[in-house]
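Chains A and B are the protein sequences, given in the same order. For the first sequence, the tail end lands on 108 under our numbering, and the numbers increase by one without skipping. For the second sequence, the tail end lands on 454 under our numbering, and the numbers increase by one without skipping.
Misleading hints may appear alongside valid ones.
Incomplete in silico selection of chain A near chain B, CB under 7 Å [to be verified]:
{"id": "1", "residue": "E40"}
{"id": "2", "residue": "C41"}
{"id": "3", "residue": "G42"}
{"id": "4", "residue": "N44"}
{"id": "5", "residue": "C47"}
{"id": "6", "residue": "W58"}
{"id": "7", "residue": "V70"}
{"id": "8", "residue": "F77"}
Please keep in mind that the hints were generated in silico from the structure rather than gathered at the bench. Positions of the beta carbon are idealized from the N, C-alpha and C atoms, including for glycine.
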Amino acid sequence: MQIRVRFRQRDQRTIEAAGSSGQSVRDLALAAKVMGILGECGGNCACGTCHVVIDNAWIDRIGRVVPGSVEDATLDFSSNREPNSRLSCQIALQPELDGLIVTVGNDV
Amino acid sequence: MNSTPTFEGLDLDLINPPVTGLDATFDRVIRSSPETLTRASDDIFLDPDLSRNPVVLLERLRDRLGYVVPGSGTGFGDLVIPDLFGDTRLGPHFAIFGVDEMDQVHMDPASAVNKGAYGTLGESTGMALGQKQGTIPTVEDGAVHDELRALYDTVLNHNTMAQRSDKIIEPICNWLIDRIEWKLKHGESVCLCLDLAVPLTYKALSTMLGVPHEFLSDFVRLGDLFFSSGFQPEAGSAAANELYGFFLDEVEKRRVEPRRDLLTYFLKATLNGVPALSPEAVAITGRFVLIAGIDTTWRQLALVMAALLSHPDQFEELCLEPAKLSRKVVEEGLRYAPSGFVVPRRTTKSLVLGGVSIPAGSHITTYQGIANRDPRRWDDPDTFDIHRQFKTNRTFGVGVHSCAGQHLARLEILTCVQLIAQRLPNLRLTIEPDQLEVRGLQIRVPRTVPVGLG
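Isolated chain B, as found in the complex:
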């Protein structure tokens, strides 16, 4: 592995701006969020049962066919599963359901690579206006990946993120809880997706990135289309162009007049005396960070809260000891209900996984949503239990390609869980847990998490 590059010109204070705009305007933006935000991008392309119950169906498949299952062209075994990333089934393809087999793949980044694994979606990530303008670590390998990932890590590491907790994440979370209390007091309905998860994740990252919050509705709509590029390449490409244009304008503003935000931070970073990223590459980075830092994160937050509130006895225990139990709730929620359900790779050489021969050039889809329930690792894996012996979940992956944003995501979810336990101990779902409609396969999302005070 290459040694970690040393960047110059890094000023972390740039991404510690004060949170502003926690006001009536933000309230109006939240109220105007379209309900389509909580629609799973791939729902209409999936068999309804698969979209509703991937865990049940895929566990059955695993139990019948094993932890490594060859593809059948239309899916795996007798389960029809569309090509989630586009153009990834032109050759041998396999699904991985076991945690040991998943680790073997992810801990060998030279043998199972990102290049070619993300199909049409992957090709679109660095593209704008018909050209490649930059790239993201997700689709890169080797030295290119390592360098870019190292730059991301200077910002997203656990220490840097923790330092922003009391200045950025907690104030936003407390304001949103104030707003939820107000709405409930005045008889208004509250949904933890639209009233908490979406605005928290957007506001926190847009504060650090320097994106105005009036752009929220447009941004999330465009991000949703962008993420669907595997299914709707034309619409995804159009959305990608529009987002890129927005960010390129913002980057140009910062080139002329630096501001205290992440776009300026990336513009100023140099490596061996030359800019680490071109302005176009900064725009690509901003576009990716905002989507990646919001789309999966808010869904994950909503899923953890839904799982917790579906088990009121455990929520009650949390409320009695929030400092002690919050982290356990977060990790069990991540294990039990990951939003990001799959991660792809492509093999560069032949491998043997779980006794199955995988030729070079094969496409692999690791299902961390099922690996997290591997009965060889977790006792009673289909039970949500905040007291279980902790074993690392695979929701954020492992190894060099593990999620760069996991520390920000964990912090946001942890802060929410702890503050809600402290401030709203009588919060409850206003529907039965089995009425929660969670959909999607690539990224799972609850349609709504309606709550009230009990």
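Chain A extracted, bound-state conformation:
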């Protein structure tokens, strides 16, 4: 099943992409060339350059970042951090996330 994600870029453009179950949102963003997602550390939760802000309608299904976690600390390296911020390398696509909406967090 293809799981659809809508990426809102900081320039207001929207990129629609579809990935498969288990694929990270970061990997999907890179494949779709979403502007502002760099994923420099290769998905190792170490750089903060795959930062996304989860849309309010989806945050309960994804969950906010765990306070005190490595992801939480790494998000401090990102710009424009918000309560719904997550690192997209830590979000794996599942069928129930079909239609997910995220906004790219970091400025380009």
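Start from chain A and add chain B according to the hints.
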């Protein structure tokens, strides 16, 4: 890319044993650590200036010849640099100094591969007793790499490692700081290499792996020889055999009587119903994990502390806000003073990097120690500045072959930095920063980091 394999029989609680042996015996082991531990393996094979100042010399080379420099047989440009890995200069070879060019290489694992890149050293990694007994992700590509790396990642990922912080890393670090305080109070000299970095990294990983700490001195000596295989193949091979024999004995003990440790964890892991690793392959894995998890890590920890204490104003700022600044210190330390300085690859097809044509079959050495100072990416890159805007350093590499142990390494360094800032805010170097002797090219190491209380 293949989908991530799903292993069965994984029990992460096996690698959460209690830390034991933080006692007088461990103190004696630390005191008996030979000073040769802090000798760089490749120092005697390098031009002294290059061993002392690779950053200065290689930046000059970069500024003259560019971010991608063809090899000259004896080195690059007019700089004589020996073949660090053995038998890697039989054809075209290139040095990469730029971060963009390095990323292009590392983000294309099909075009720039590990196979054949590590030369004599690489061939020795899976060998013991004259035969290939197993392998490690570092020298593999494709599906073989992905499967083995996925198994390593079940243990070494950031979540699993973070869960061991308060049970394993913090108790060891606090005990070592207690010991440092005692030594300083009683007028004994303290070196952050031998009194902190080496015992912390060894104790933490040996606790998880199930290796007795009495083996520390032998183990680090043998690991040092093993890492020098590119320069001393016979000595490296002998050391590799001795280590393999030790681990094979330990694996056999666990086959008969499982214990709560990483060797048992790897023995029990299955993939599609069959063992993921043979006992021989588990021994190879144990040997590699212990060396890789100690040799580079303790040196990196020592280098970060040396860089920090060389800038006492920034150390003072850290001590005022350790929770806020510790991670910044770690990342800037990794950027400014990486211990692992180079990573090799071999091209499977022709590439163009930085405007330079690289034929298929070429050997590439990416110098992350110089890429971390790319002026196109970092302002004032030769300045240690914990407040600089964060941009991902390349010390652990990027992509599928990025360092599997980076999360454990980061955690150990972060814990040290934070606890020292909290407990020893008046720690200082007892020598001038320009007297710190850092040596080596393949893996950089300070000869000593002597400290006292100011």
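Quiz item: Which earlier hints can't be squared with this structure?
Solution: Violated: hint 6 alone.
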